[in-house]
Structures are given as structure tokens and as C-alpha cells.
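Keeping their order, the protein sequence lines are chains S and B.
Numbering-wise (the working numbering), the first sequence opens with residue 1 and increments by one.
Numbering-wise (the working numbering), the second sequence opens with residue 1 and increments by one.
It should be emphasised that the hints constitute simulated quantities derived from the structure, not laboratory data.
Some hints here could point you the wrong way.
Partial list, derived from the structure: chain B residues whose beta carbon lies under 7 Å from chain S [said to hold, decoys possible]: (1) I100; (2) V292; (3) T293; (4) Y321.
Listed next, the in silico DSBU-like pairs over lysine-lysine satisfying Cα-Cα at most 30 Å (straight line) [as the list claims (entries may be wrong)]: (5) S:K291 x S:K309; (6) S:K306 x S:K291; (7) S:K435 x B:K111; (8) B:K111 x B:K46; (9) B:K46 x B:K332; (10) S:K291 x B:K111.
Glycine included, every Cβ here is placed at the ideal spot set by N, Cα and C.
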Amino acid sequence: MFDHLDSTLLARIQFAFTVSFHILFPAFTIGLASWLAVVEWRWLRTGNPLYREIYRMWVKIFAVTFGMGVVSGVVLSYQFGTNWSVFSDRTGNILGPLLGYEVLTAFFLEASFLGVMLFGWQRVSPRMHFAATIIVAVGTLISAFWILSANSWMQTPRGFRIGADGLFYPTDWIEIIFNPSFPHRFAHMTIAAYLTTAFVVGGVGAFYLLRRQFVRHARIMFGMAMLMAVFVAPTQLLVGDMHGLNTFEHQPVKVSAMEGLWDTQRGAPLVLFGWPDEAAEETRYAIELPKMSSLILTHSLDGEVKGLKDWPREERPPVLWVFWSFRIMVGIGVLMILTGLFAAILHFKKRLFETRWFQIWCMALTPSGFIAVLAGWFVTEIGRQPYIVSNVMRTAEAVSPVGGIQVGLSLLAFVAVYLLVFGAGVYYIIGLIRKGPDVDTSEKGDGRKQGRPALVGRLASE
Amino acid sequence: MFNLETFIDLPLVWYGLIATAIFLYVLLDGFDLGIGILFPFAPSDKCRDRMMGSVAPFWDGNETWLVLGGGGLFAAFPLAYAILMPAFYMPVIIMLLGLILRGVSFEFRFKAHGPSRRLWDATFHFGSLAAAFAQGTILGGFVQGVSVQGRAFSGEPLAWLNAFSVMTGLALVFGYALLGAAWLIMKTEDITQDWARRCAVYLIGYVAFFMVLVSIGMPIMNPQIRALWFSLPNFLYLQIMPFSCVVLFILLWRDLHRNHENRPFFLVQGVFLMNYIGLGVSMWPWLVPFEVTFRQAAAAPQSQSLLIVGTVILLPVILGYTAYCYYIFRGKSSHEIHY
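All chains should be built: construct the whole structure from the sequences, respecting the hints.
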């Protein structure tokens, strides 16, 4: 059935599927772990049971998401070998230690203390429990550090030589780990994860506010999420811009594909929308802003931007995918910034928690972070094709000597299992959200938390 | 560039470390896979809740040893990783899919009510069963050797599948079930514990039977292994392993009939250790039997050096906090989940 299909393409589809599926969970848990640490800290500081109830609700969602992240991540650590064995053999000297450090410094930490975080309430002191939450949160960031370093090295390889046997050998670990695109990618992805979480938490808060359920909890969730939208969404624009400039310097062909520019020119226009046609080597129906591309990329109105025609066809990435994924990512980023803007305006009009259209808007944006993260990864991963290690090793050279049938059948099995798991995960998470926090009315001090000042103001002043 | 090659025998140290990581994986995930294997046979739903509760805080950490085994092999012996993964493509994928299904079952089962709970009971059981069986067949295929050409696997897609590897697959299923039963004797009480004890008594017979089959099969299939085990003076030294297994089995049998709660778990671990050492001795020095030794598969010394520093510092820390987490959740498990 799969014999006529190219096994490299099947291996790519399989990896794209499993890695895209996986990234959804870290994109959420990185932010959620840090947020839960903040919520628990607020609880310890203020003794306000609302925070504890919020923590207990979201930690259940965290557990489901984290579990799915772990099992889909184990798959990846074996797929380098099953589907990309030539790549593993040749780059093992470089990437092996980075991934090894990820396991040693992050995975064990997260996995061990997650148990304490979930089940340790009655068994450890509140301080120890808080420590466990912080350890898990830090673990997720350490994990992101190493895996993004490894990915960035594949994008902008440095600090290596190629031996007579064709293998990569390290020559400078600092250059390898802190390769040129790594700091940008790490910052961009971490902020993306925080925003993804913020929009999920904010969307759920908006849902409760709209239904006038758990209003006191919802104000905290919604308020904290809007703080992120106000301050962090614009920050992401700056960081993303710096990341783009870094790509322009080190992987210019990717930027040309993102921009849909075919001819090298001074004063290159910014193509807002259009349909890149690879056969005709042009972007059809282009709506352009004159000179803006040069301004963004070179900070000068008539700076030179290279066009895709500067590279032979076999050196170009699939333009259409890169072009549109980039627009989806940026479009969602703009919506997030607008959300922050609306939130700030509504806050000053003292209507942040009462504006119904804005609550619906925020609910609609609940999954926006996930879509933006996927789109962003599509840009960067498809944009570096046809290379697996930029300009050094082609993806087609990297694939395992495994037949198309095996790759195709396992792809089908992954799709079936992941759809079941993902469907069930989403179903249970929605169930947890509908159920909402368990409100404990027995504890004293319940009365004093009513009539508190708006949280946004309080949080902002602290 | 940073290189410890002149001070320590890096490939040998890494061989030892990877072997240790895989063994710790077998011990730790072994008992929680074993619980999945025994799951549908438990006397009641409440027992099943207790069984799952007894491993819920740990399964995640346990499975991380598998990531360390795979990641460590990639880091320290990339050539072996690059040959073995395609060679065992299908059982590896089956193992991964099994681990996914059983892993998510923990979270989903706690949240499900009514008939959908049955679904997650089933995925937990069959996922654990598939993972254990796949690991056993990989082991069985591994000891029979892997065809290699150049730096790549050159055999057929189903080269790993034959009667012997199916037998080792079953053997590991029973072995893990015994580990799981011994864990339950330690972590549960009343009905669940009594049932686990009966299971263990029953499983001991199967495990012993499979051990005899493997011990006869391996020397018959491979003349090198035959020569190693049945020549003097090796024969005399190596007898310590079968001999300790017999002693461990007798102690285990007595414990199971005398209401010892904790010792059976450690005795079963002893049995696993003896088998593992026996296997290690037989396979020495191959990492891809019988084509690539651990020295030939070793990563560049600079790469092995970089990671050894972290490992020497972090592995004791990891073992420390793993022990701490087991300590926090010491004592009998409850059927109620607190979170």
C-alpha cells in the first residue's frame, strides 16, 4: 500500500505528526507550571483559599496534559533512531550529549516531583509542596533549554567539524549549545508557551464570567491572564522580530520564503497576503506595502533583500507552507496584542470583568496559542528544508533504511492512537473546566475575601 | 577541548552506566507494567483503584529511565542506537504505543465514570501487556544477533520475530507480573494483598520455567555462549548465578507462605539482577550482537566526556530525590486519590 510512496516523505510526515502532537503539551505545561507556582505562592502569602481552589482545579488539568506530554515525548526519543538512524549516527556526537543533559537535568526532576505536586498534599508540608511546584516549573524550562539548543544547532550549526568518516565531531561546546539562533528561539518559545497558557486560563475565566459561575475565581484567572496579554504579548512581538532578524542573517532563504519574495531587490515590499506559486516563481494576487520588508529586515527603506531566485530550486524550502504558516502565527500574535489593548482600555473604564463581547472574544481565543505555536514551528522547520542540519546534511540523507510499509503502518497506528488519546484528553479537560473549582465553604476567612479590589490593579502594583 | 579519555576508560564506564540505567528501568517500570498485566484479574474494582494508586505517583519517574536508556544510548553509543532502532522498528513502535495507552490511562481512569472507565481499564492492561511483550521480544531478538552492513542494519523487517523471541516476550510478561505482585504485597493489605500473594506463588513457577528455557536455549543457539558457560574454570565461577537464583526462589517461596510483606519485592529484584548479570556476561562485549562492540560504537571521547561530568554529578542526585519521593509515599496505598 505504501510501496509507491517515498519512505523519506513518510518518515517526515510521521515525525511532523508526532512532534506537532507533542509540542501542544509542553506549550501548555511550561506556562501552566510557572503559573501554578505563582498561584500557590499567592495562596501561601495571602492565605486566601480562592488561590488554593484555583490551584487544585488547574493541577488536575496540568496532570492530564503533562501525562500526554510525557508519553508523546518518549516516542520522540526513540524516533530519532527508528526513522532517522543515519542522522542519529552522524550527529550523535553533538546532539546526544545535549539530549542526555535534558534527561538528566529536567525529565527526572519533573517526573519525580510531579508525583509530590499531585498526590503530596497530605504527605508533605505546604512549603515542601510549593517547592515541588517550583521544581516542576523550573524543570520544564530546563527541558526547553536543552531541546531548543539541540534544535537551534540543527538550524544554525556551529562548533563542529566533519571527520573523514562523515560524522560530526564537536570542537567547541559553548558554540554548539549557544549557537546563533538559540537565545532567540528559547526566548520566543518560552514566551509563546506563557502566552498559550495565559489565553487558555483567560478563556476559561471568561467562560465562568459569562456564565456568572465561580465569579471570584474567574476574576483572578481572567485578571492574571489579561496582565499577560497586556505586557507579554507586545514583548513577544519584539522578541519575534529579533528572532526574524537573526534568521535573516543566518538562514536568509527561510526569510525569503516567509516574505514570499522571489527577486532580489532594494526597497523590497512587504507582501501582506498572496499565493506563492513555486512553478511560476512568483507570488500571485499579492497585496503589498511598498518598501516595508526592507525596512523591517534591514532597518532601511532601500536595504537589499534577497529573493528566492537567488537559490537553485533544490535549495529552496516549500514556499507556500512557510509563507502561510508565518501569516497565521503573526495574525494570532496581532489578535493577542489587541486583546491586551482592549483589556487595558476596559480596565481603565472599570469594565474589565463585565464586558460580555470581550468575554466571548477571549473564549474564542482560548486555543489561539496552540495554533500560533504550531504555525511558528511549521515556519522554522519547513523553512530550513531541504536540510536537516542547515547547509551541511540533507533530510533525504538522514532517513533510516526502513521500508515504506513499516513507516506507513506505524504512521497509521500513531494517528489512530493519538486521535483516541487526544480526543479523550480534551474531553476530560473540558469536563474539569465545566466542573470548575471545588469551593470549600467550611474554611473560615471566607467572608473577608469578598469585596476585594480588582486583582489586576493589585497584581500590577506588586 | 575538554577530554577525559586519558584518565578514564570512557566507553567502559558508559557501557556500565547504560547497563545500569536499563536495569533500573526494568526494575522500576517492571513493577508498574506488572500491575497493568495483573490488572483485569484483580478481585474487585476497589482493588484496581488501590493497585493504580500504589504506582500513580511513580510511573512517570519510572518511565524516565527508559528515556535515559534510549537517550543515553544515543549520546554514548550513537552507532548502536542507529543500528538497533531500525532493526527492532516494529517492536519498538509497539512498545511506545503500548506505553502511551497505559500512561494516559492513569489520568483518564481517575476522571472517568461508568462504562468509559472500562475502556481505560482495558488500555491500561493491554498497553502494559504490549509494552512488556515487545520489550521481551526485543531482548530475544537482540541475543540472537543483528545483521549489519557498513554502519546500518541490513536484515529483514521481521528478523526479530521467531519462536525464541516470542518466548522471551512471554517470559518478560510473567517476570514483570511477578515483580508487580511482589510490589502489591508490599504496598497493599487485606484482599488485594492476599490476592497478590496467590498470584506471586502461581507466577514463580512460570518465571522459573521460562528461566530454564532461556538458559537452555541461549547456549544451544550460540556456540560462543556455550563455550563461555560450559568451559572450566568459568563453569565454576558462573554457577554463582543459577545457584543464587535457586536460593532466592526458595526464600521467596517461604516468604510468600509466611506473610512477609516487604522482602518478596527485593527477592524478585534479586532474581532479575542475577538474570541480568548472566545476560551481560553472555553478551559481553557486544552492543550490537555479534557485529559491533561497545568500543566500536562509542561516541567521540569529547562527547562522552562532556556527558560523564553531568552524569557523575546528577545521577546520585536523581537517585536521591527518587528515593525521597518513594519515601514520601511510603506505606500502604489507598484507593482514594488525593488531588
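**Study point:** Restraint outcome when V292 of chain B is required to lie within 7 Å of chain S by C-beta distance
**Key:** With a closest approach of 11 Å, the V292 of chain B hint is violated.
Check your understanding: Can the hint on T293 of chain B be confirmed by a CB-to-CB distance to chain S that is less than 7 Å?
Key -> violated, 16 Å
Exercise for review: Classify the hint on Y321 of chain B as holds or violated, based on whether any CB of chain S lies nearer than 7 Å to its CB.
Suggested key: The hint holds - Y321 of chain B has a Cβ within 7 Å of chain S, the shortest such distance being about 5 Å.
**Study point:** Straight-line alpha-carbon gap K111 of chain B to K46 of chain B, limit 30 Å
**Key:** Distance of about 15 Å is within 30 Å: holds.
Check your understanding: Does the structure keep K291 of chain S and K309 of chain S at a Cα separation of 30 Å or less?
Key -> This hinted pair holds, its Cα atoms lying about 19 Å apart.
Check your understanding: Per the CB criterion, is I100 of chain B less than 7 Å away from chain S?
Key -> With Cβ-Cβ at 4 Å, under 7 Å, it holds.
Practice item. Would you mind confirming whether the straight-line C-alpha gap from K291 of chain S to K111 of chain B stays at or under 30 Å? Key: violated, 56 Å
Review point. Does K332 of chain B lie within 30 Å of K46 of chain B when you go C-alpha to C-alpha?
Key: holds, 14 Å
Review point. Is the hinted pair K435 of chain S and K111 of chain B satisfied, with a Cα-Cα distance of at most 30 Å?
Key: holds, 12 Å
**Study point:** Pairwise hint evaluation, K291 of chain S against K306 of chain S, where the allowed Cα distance is 30 Å at most
**Key:** holds, 13 Å
The structure fails hints 2, 3, 10 (numbered hints given earlier, in ascending order).
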